[in-house]
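The task is simple: from the sequences and hints, build the whole structure.
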Amino acid sequence: MKSGIFVFGLILSVFCGQAAAEPTLAEVTHWQLQAVDENGIGTYTATDKVAITGIILNNPEEMLDPTPSDVGMGGQWQIFIQGETDPNGLPDHAGTAVWFGQNYSNVSSSDDYTDAELLEELYRINRDPNSGYVFQAGDRVKVTGYYKFFKGKININEQHEKDPQFDFTIELLQPAVGLPTPEVITLDELKDEFDNYIFDPNRLTGPEYYQARRVRLNNVTIIDPENWKPNGEITVMDENGLTFPVKLGIGRGFGRYACPDGPIDVIGIMNQESAQFFPCIDGYHLWVVNYDGNGRALTDRGRPRGNLPGDVNGDYRVDLLDVAELASDWLLERAGLTPLPIAE
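Every position in the sequence shown, counted from 1, becomes a number in this note's numbering once 759 is added.
In short, the hints are calculated from the structure, not lab data.
Treat the numbers as computed from the prediction; the structure is a model and nothing was measured.
Any given hint could turn out to be false.
Pairwise CB distance ranges (calculated) [to be verified]: (1) Asp845 <-> Asn977: 51 to 61 Å; (2) Gly1021 <-> Leu1090: 34 to 44 Å; (3) Pro1022 <-> Val866: 36 to 46 Å.
Here are the simulated lysine-lysine pairs, DSS-like style, with alpha carbons at most 27 Å apart [unchecked claim]: (4) Lys808 <-> Lys901; (5) Lys910 <-> Lys808; (6) Lys921 <-> Lys808; (7) Lys907 <-> Lys921; (8) Lys907 <-> Lys988; (9) Lys1006 <-> Lys988; (10) Lys910 <-> Lys1006; (11) Lys988 <-> Lys921; (12) Lys910 <-> Lys921; (13) Lys921 <-> Lys901; (14) Lys1006 <-> Lys907.
Ideal Cβ positions, reconstructed from N, Cα and C, are used throughout, including at glycine.
In structure tokens, the structure reads:
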């Protein structure tokens, strides 16, 4: 009898141990997830995993290069999700980045993704698991996964672990909702009179208030046009001499069009990557992922004029310049978007 009780107790303890090992999960607002302390360090620890909802602000391949590589973190993928409202209908005034990389062994004990494995994962996270719909900026989605703090903000990611149990998922809630209207801000809301970043741990003022959200700076001037290039960083200045960094994505427009001259508006995503891992109270910038050459607003309006399918460079005519650009890209494929090869 005692042996039977012992075996039952052992089985029960194993079962309970397995149940206890299940990660905790909660649906949270972006505002809750992005809380920081007086040093800018994220404070959310209530659950192992979180689920957030919101609007995708960017197409990932215009922000980071997903192409498989053994250099650095290899192929990378990132989208920003802007919050809308909380369960009570109040504004969820924050946002969250969702990041994925290939070569985790550079920063953890995990194995890396092989090139083939990377393509499979990119294919998975670029599509709604229920319908196969390819996500795009302006879609409303739900993201569920683990999270990790990095240089000023909490990201949803795989915690640098290749094990499938760390995978995050993205589900389509509503397609083509449209990008949120950018909030118009001024540099004196982001910088003090000495041109230093304003840091507010309560996130009610300064760049913290706008982090991971779509914003607009009006009537600023690019003061270092020599830095204009894909994946570059430029600086804009307002009429009072305050400055702010603008990180350029890898959209084709930064190589196709010249740097705008004169006063211009800038529409981008407020982001932070602090200079140090502690404290994290600086490193704010706007991230503009592409430019359509319009000359008045540093953004990609996303609706080109002309209705000429062969007008690759957007100059309203089809000529040898378009053929040359098309030829330079001949047979290229975008990692994670092209169909995977059929297994034999």
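Evaluation of the provided hints:
1. Between Asp845 and Asn977, the C-beta spacing of about 29 Å breaks the proposed range 51 to 61 Å.
2. The beta-carbon spacing between Gly1021 and Leu1090, approximately 40 Å, falls within the hinted interval of 34 to 44 Å.
3. For Pro1022 and Val866, the Cβ-Cβ distance of about 41 Å falls inside the hinted range of 36 to 46 Å, so the restraint holds.
4. For the given pair, Lys808 sits about 13 Å from Lys901 by alpha-carbon distance, which is consistent with the 27 Å threshold.
5. A C-alpha spacing of about 20 Å is found between Lys910 and Lys808, which places the hinted pair at or below 27 Å, so the restraint holds.
6. Taken as a hint, the Lys921 and Lys808 pair is honoured in the structure, with Cα atoms around 16 Å apart against an allowance of 27 Å.
7. For the given pair, Lys907 sits about 15 Å from Lys921 by alpha-carbon distance, which is consistent with the 27 Å threshold.
8. Taken as a hint, the Lys907 and Lys988 pair is broken in the structure, with Cα atoms around 30 Å apart against an allowance of 27 Å.
9. Using a Cα cut-off of 27 Å, the hinted pair Lys1006 and Lys988 holds, with the two alpha carbons roughly 10 Å apart.
10. Only pairs whose Cα atoms come within 27 Å are accepted, and Lys910 paired with Lys1006 is accepted, the gap being roughly 16 Å.
11. For the given pair, Lys988 sits about 33 Å from Lys921 by alpha-carbon distance, which is inconsistent with the 27 Å threshold.
12. Note on Lys910 and Lys921: the hinted pairing holds, with a Cα-Cα distance of about 22 Å set against a maximum of 27 Å.
13. Proposed proximity of Lys921 and Lys901 is supported: the alpha carbons are some 22 Å apart, at most 27 Å.
14. Only pairs whose Cα atoms come within 27 Å are accepted, and Lys1006 paired with Lys907 is accepted, the gap being roughly 22 Å.
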